[in-house]
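Asker: One line per chain: the protein sequences are A and B, in this order. Our numbering puts the first residue of the first sequence at 1, with every later residue one more than the last. Our numbering puts the first residue of the second sequence at 1001, with every later residue one more than the last.
It should be emphasised that the hints constitute simulated quantities derived from the structure, not laboratory data. Just so you know, nobody snuck in bad clues.
Below, simulated DSS-like cross-link-like pairs (lysine-lysine); rule was C-alpha separation at most 27 Å, straight line: (1) B:Lys1083 / A:Lys327; (2) A:Lys332 / B:Lys1083; (3) B:Lys1005 / B:Lys1067; (4) B:Lys1115 / A:Lys327.
Some residues of chain A that are not near chain B, with every Cβ distance over 10 Å (derived): (5) Phe22; (6) Gly224; (7) Asp263; (8) Gly301.
Since the model is a prediction, treat every value here as computed from it, not as a measurement. All C-beta atoms, glycine included, are put in the ideal place defined by N, C-alpha and C.
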Amino acid sequence: MLTQDLFYETYWALSANKVRSFLTILGIVIGIGSVIAMIAVGQGAQNSIQSSIQSAGANLLTITPGAAKGVGVTISAGRGSSQTLTQDDATAISQQVPLLKAVSPEFTRRSQVTAKGTNTNTGVLGVTSAYMSVHNIQIDQGNFITDQQNTNASRVAVLGPTARDDLFGAGANAMGSTIVINSQEFKVVGITLTKGGTGFNNPDDSIYIPLTTMQHFLAGDTTGYLSDIAVSVTDQSSMDEAQNEITNILLARHKISDPTQADFSIINQADIVASASTVTNTFTILLASVAGISLLVGGIGIMNMMLTTVTERTREIGLRKAIGAHKTDITKQFLAEAIMLTILGGIIGVLLGWLLALGVSRFAGIATQISVSSIALAFGVSAGIGIIFGYYPARRAAGLSPIEALRYE
Amino acid sequence: MIEIKNITKTYKSGDNETQALKGVSFTVKDGEFVAIMGPSGSGKSTLMHIIGALDIPSSGQYLLDGKDVSTLSEDELGEIRKKHIGFVFQAFNLLPRTTVLRNVELPLMYAEVPKEQREQRAKEALLAAGMSEDRFLHYSNQISGGQMQRVAIARALVNNPSLILADEPTGNLDTKTGEIVLGTFQKLNDAGRTVVLITHERDVAEHAQKIIMLRDGVIVKEETTHKRRIANPELVNDIK
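Generate coordinates for the entire structure from the input sequences, incorporating the hints supplied.
Answerer: Printed below as a string of structure tokens:
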């Protein structure tokens, strides 16, 4: 049987009962469509979580004071408030670990900040110039905190755009204005570029001042200690190596021989990304498997229709065999019908899924991403379903004896 | 040439054994028009299935053009049907929603004959079976019963088979239309085709040159038709 005949016969058979064919296709359309849409939602969520983690800075290791209990596990009380990390630790790390691009010692406090009668409660960060490259901060107006300002313990501040909006009004020009933190006056010398991102340490809702200034005027009795040290590693593949080296240096400096007793912990950004990925992957798999069930139901619908068709067309099958159709010809014909149904369903389903994903990101505000691989997967799966669920009815048709089939009323 | 040598066929259903054919032998020469006649239960359907390579005998030998067909596998039988046998059924068995022309092309499709040749051969077969050209593109359900059976005859002819096997071809037709169909067979036979006609009606059987009478699975009489009926040629030529 020639391929073009196979196509013609398939079209002929499916157009015999258009409503039934359409309803059967609908099962596949809904199945494939929801798989595509759900994977798109899942991948979109994964991407947005990863990019928000990564927006904190590339290849970031964060060293915080307090004992570590392993990644992702609650760290013993006093994390951040323990006074075990010093400026000297930061200096030692930057001198002894060649894999690092930059080391940013940081001291963070939440403070009441006022300007011209308005006030806000926000994160005040004592930083060095390294902060900018470690955390990917970009400057909109003026300059970031410089080394010179750190040496002089200058009373200058760089505002995040949200902090600026809160203090001076949306989009107001705050350059050169004065803000008051803990009764100390600071001159605004720069505004950072909007970065986006949410959560506790929103970079847009922060105020940056020189680390030394922070320690002199705002830290009180915690002078000399750091709330964390953030380092960026040159190369993503050497994250673990850098983490080990830093651990060894700090253990030696703090004279701790047992690593489990360490008085600091290191949070590896790659680990956070990985565990976030695990969560979103689970989420994606959950969504996709619910959708997959509807695809399975669609496949069973195909099988049901094909079995009905075989029964209805028993005489026709007998005739075809009598005039010379081989078993393989009959198998091919019925299999082609099932595959045609699922492929059509697959095409419409991909379009539907794409529209659904667009709708979700537009109306529900959830980022979605349609990947080529999920479309390829959908096609593969729909063709596969056609073969799996079409094979049994096709074999049944081919196995009919021409005598019985012709006698069938 | 068909040679049937001492053929038997036994059906088993559970513990029951039914012997439908109990040793049947006869020969149909090329160009002959033979009717196999018998009441229902005589085994003529079973014999038709064996001659038509739809089934194989339990014992005995069936030679079709010298080739032993009695021991072939299902697919090999399919090959024999495709190349050597053209079927005409009582119920016509045309594909619905399909043109007359495409119905006739169907056996050629399975024989993988190229498209252009197919159409040409189907047209020739339709003309030979007495269909007028203006009906070729009609759908199979838009034509009369007599025309349907002629389309079925054309379909049986199109592959140029050694044998045309007609199973009660007039069973669903009125007498006049039946006469036209039988006339069509006679005309084809005159042109050299071998025709085997299965029927239970004497009147129909008498259109053949030879009648084989079957009863209870054995041949009771094999005779040359004394008063052969010839269909009115005017009827046959009146192809509209």
